[in-house]
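> Heads up: the sequence shown begins at 1 in the numbering used here, then just goes up one per residue.
Quick caveat, the hints were computed from the structure, so don't treat them as lab data.
Each statement offered as a hint is correct.
Ranges of calculated distance between the beta carbons of each label pair, as one might list FRET restraints:
1) Ala22 / Phe123: 43 to 49 Å
2) Gly206 / Leu25: 32 to 38 Å
3) Leu49 / Ile194: 40 to 46 Å
4) Asp175 / Pro221: 29 to 35 Å
Ideal Cβ positions, reconstructed from N, Cα and C, are used throughout, including at glycine.
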Amino acid sequence: MAFIGVITGLKSEADCLDPLIAADLPPMVRCSGARTRRARGAAEELLELGCGGLVSFGLAGALSEDLHAGDLVIPRTVLSAGGQQWSVHEIWRAEVIAACEERCLIPGDSPLLGSDQALTTVFEKSAASRSSGASAVDMESHAVAAAADAAGIPFIAMRIIADEADTASPAAALDAVRPDGSISLLPIIAGLIIRPWSLGSYLRLGAANGRAMESLRGLVPILGAGFRFPLL
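Please work from the sequences and hints to get the whole structure.
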């Protein structure tokens, strides 16, 4: 029987799935280190191993002011910055939405934007929202969607909002992500030495990230090892 393949950006996101490892048919998880090219490579590796469906799982940034830290985003479509568009598997999406009916979903069925670059300023987020019509953004979903589409297998994105539309993220925050998705404190410390006034941004980002990770962990027992996918 085919297994579910899951791509995350951060190791902490992947760690949320640890309770599923003991399941009869656990998902196979790969972490991209918050880099789009690595996300595509990880998805293709899972496909070579016999993956029957791909999930983009983790955190996202809000482009809409209607979304807040901890909100769940399950888009119907995923866009690239270049205008490509991919649809998620509708039956799978319906199953997940039914299971998570009390949680906030992406407003108005607007798309999720996949970006090769981190959007760290309010201006960048606002410009991306206007140009794409998307309500949220991440750096993995478009790469995973493209790999699934090329292989002809189902795909879904499940993302929890971490940073909000009116919140800027310090540039050093992305530099702190190692290739394996773990976090190095050195770039953050260096950034604080150079820009000590950015401490408040780190504290706000950390608090929002904490709420987001709590919501992400809460999804796991709801979804189960098969991520509620009825066709595998």
